[in-house]
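All chains should be built: construct the whole structure from the sequences, respecting the hints.
Spelled out from the first residue to the last, the chains are:
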Amino acid sequence: MRNKLLIFPAAAIFLLLSLGGSTFAHHGFVSWYDMSRSVTVKGTVTGFDWTNPHSYIYLDVKNEKGAVEGWRIELGAPGMLARAGWRRDTLKSGDEITAIGNPAKDGKPLMHLSKIVFANGQELATAL
Amino acid sequence: MRNRLIFSAGAVVAMLALSPAPRSQGAAQPGSAPDLSGVWLVEKFQPVLFPNGGAPLQPWAEAKLKATNPQTDDPNLACLPEGVPRYMISVPYPMEIFQGSASVLIIHEGTSVLRQIHMSRQHPKDLDPTYAGDSVGKWEGDTLVVDTIGFNDKTWLDGGAIPHTEALHVVERIRRIDHDTLVDEFTIDDAKAYTKPITARQVYKLKPDWEVHEYVCEENNKYTYQGK
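Chains as they are written, first to last, in numbering that gives the first Met the number 0: chain B, 0 to 127; chain F, 0 to 227.
There's no promise every hint is true.
Within a straight-line C-alpha distance of at most 25 Å, the following computed BS3-like cross-link-like pairs (lysine-lysine) qualify [stated by the list, open to error]:
#	chain 1	residue 1	chain 2	residue 2
1	F	Lys221	F	Lys204
2	B	Lys104	B	Lys61
3	F	Lys124	F	Lys191
4	F	Lys204	F	Lys137
5	B	Lys107	B	Lys91
6	B	Lys107	B	Lys41
7	F	Lys191	F	Lys153
8	B	Lys104	F	Lys153
9	B	Lys41	B	Lys91
10	F	Lys204	F	Lys43
11	F	Lys43	B	Lys114
12	F	Lys65	B	Lys104
13	F	Lys221	F	Lys191
14	B	Lys61	B	Lys91
15	F	Lys221	B	Lys114
16	B	Lys104	B	Lys64
17	B	Lys104	B	Lys41
18	B	Lys91	F	Lys221
19	B	Lys107	F	Lys221
20	B	Lys114	F	Lys206
Here are a few chain F residues that face chain B, going by a calculated C-beta distance under 8 Å [claimed, not checked]:
#	residue
21	Gln70
22	Tyr92
23	Glu108
24	Trp209
25	His212
Think of the hints as simulated: they come from the structure by calculation, not from any bench.
The beta carbon of each residue, even a glycine, is placed where N, CA and C say it ideally should be.
Here it is as structure tokens:
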């Protein structure tokens, strides 16, 4: 299946409304990411840092030209993520997921995550 | 310097055992202080106090604010403590309040800093400046009034880089307005930095099933600290 990069304005509105969410970490998310836009990427997990102050998903994403881009997807702290249903083994290398969140302002393959969608369609959000 | 203040849960228990708390579970009983203990989370994350600008800053402080880039200069990116009042207002992680008659202790998950509010003494005369300052409290009816001085000048008031000096003075009026809701009203003054006191308000919701988790900021802050 071909992976695509998609922008959903409706999702962006949702994310703006969720800015006050409890899992919204405080280490510069507002500064680094364009919180008015949403981006969706689908790819293969290559790593998962379950760490403070922030957690990270590393995702290999095939762009429209067929080249693989390595995305670094930023989440909040494990404490708050655990309260939202995440676990240290929620993801493992090789998992196919779709990630939805705010893109970096500078266009780099970085994202502030809102939620993931597993291959079976199950969703897991970062907000409580 | 690092903010890894390792506290012992046993020590906290021991301190509180020496100063038994009034356990009225929320609503104040006549003649007794309300019980503020429990795990609380900010109702609304307030990353900046003045989202539209207009902080009452003296010219030097205004110039310092304009010369600061919150994206790269935030001391907290290096895991230094947010300090008071920032971690009471602008940190979206829970805090646990332990209440005794001699002191009220606050452990904040987002900083792992232990805040002590001394209930049985005044401010010492010669304070070493610190991130959280020196807090003393007293009850005025159902309101815990906390007076804090003795700050260093290494923190910001919020995530928007509002500066202050060691003359910072914070007064908080903390009240449990119902079983599930705590309100903290702040009056923040600094005669060397502001043209008038700054006021702020934060509301916290009780999280009865939560525990405060370990949070070691230095564990993996390479992206936040060293940039993207």
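Status of the hints after comparison with the structure:
Between lysine 221 (chain F) and lysine 204 (chain F) the alpha-carbon distance is near 32 Å, which puts this suggested pair outside the 25 Å criterion. For the hint pairing lysine 104 (chain B) with lysine 61 (chain B), the CA-to-CA distance comes to about 21 Å; that is within 25 Å, so the pair holds. Between the alpha carbons of lysine 124 (chain F) and lysine 191 (chain F) the distance comes to roughly 20 Å, so the proposed pair stays at or under 25 Å and holds. This hinted pair checks out: lysine 204 (chain F) and lysine 137 (chain F) have alpha carbons roughly 23 Å apart, not beyond 25 Å.
Straight-line distance between C-alpha atoms of lysine 107 (chain B) and lysine 91 (chain B) comes to about 24 Å, which keeps the hinted pair within the 25 Å bound. Only pairs whose Cα atoms come within 25 Å are accepted, and lysine 107 (chain B) paired with lysine 41 (chain B) is accepted, the gap being roughly 16 Å. Between lysine 191 (chain F) and lysine 153 (chain F), the direct Cα distance comes to roughly 15 Å. Compliance with the 25 Å bound is thereby established for this hinted pair. This hinted pair does not check out: lysine 104 (chain B) and lysine 153 (chain F) have alpha carbons roughly 29 Å apart, beyond 25 Å.
With a C-alpha separation of about 15 Å, the suggested pairing of lysine 41 (chain B) with lysine 91 (chain B) holds against the 25 Å cut-off. Under the criterion of a C-alpha separation no larger than 25 Å, the hint pairing lysine 204 (chain F) with lysine 43 (chain F) is consistent with the structure, at around 10 Å. For the hint pairing lysine 43 (chain F) with lysine 114 (chain B), the CA-to-CA distance comes to about 20 Å; that is within 25 Å, so the pair holds. At most 25 Å may separate the alpha-carbon atoms for a hinted pair to count; lysine 65 (chain F) and lysine 104 (chain B) meet this at roughly 21 Å.
Proximity of lysine 221 (chain F) to lysine 191 (chain F) is assessed by CA-CA distance (about 35 Å); at most 25 Å being required, the pair is judged violated. Of the pairs offered as hints, the one joining lysine 61 (chain B) and lysine 91 (chain B) holds, with about 19 Å between alpha carbons and a cut-off of 25 Å not exceeded. The suggested pairing of lysine 221 (chain F) with lysine 114 (chain B) holds, with an alpha-carbon distance near 23 Å, which does not exceed 25 Å. With a CA separation close to 22 Å, the supplied pair lysine 104 (chain B) and lysine 64 (chain B) stays within the 25 Å bound.
For the proposed pair lysine 104 (chain B) and lysine 41 (chain B), the alpha carbon gap of about 20 Å is at most 25 Å, so the pair holds. About 22 Å separates the Cα atoms of lysine 91 (chain B) and lysine 221 (chain F), which keeps this hinted pair within 25 Å; it holds. For the suggested pair lysine 107 (chain B) and lysine 221 (chain F), the alpha carbons sit about 17 Å apart, so the restraint of at most 25 Å is met. Under the criterion of a C-alpha separation no larger than 25 Å, the hint pairing lysine 114 (chain B) with lysine 206 (chain F) is consistent with the structure, at around 23 Å.
Proximity of glutamine 70 (chain F) to chain B holds as hinted, the smallest CB-CB distance being about 4 Å (cut-off 8 Å). Against a cut-off of 8 Å between C-beta atoms, the interface hint on tyrosine 92 (chain F) holds, since the closest Cβ of chain B lies about 6 Å away. The interface hint given for glutamate 108 (chain F) is met, as the beta carbon of that residue sits about 6 Å from the closest beta carbon of chain B, less than 8 Å. For tryptophan 209 (chain F), the suggested interface contact is upheld, since its CB lies about 7 Å from the closest CB of chain B, less than 8 Å.
Among the interface hints, the one on histidine 212 (chain F) holds; its C-beta lies about 3 Å from the nearest C-beta in chain B, closer than the 8 Å criterion.
Checked against the numbered hints above, the structure breaks hints 1, 8 and 13 and satisfies the rest.
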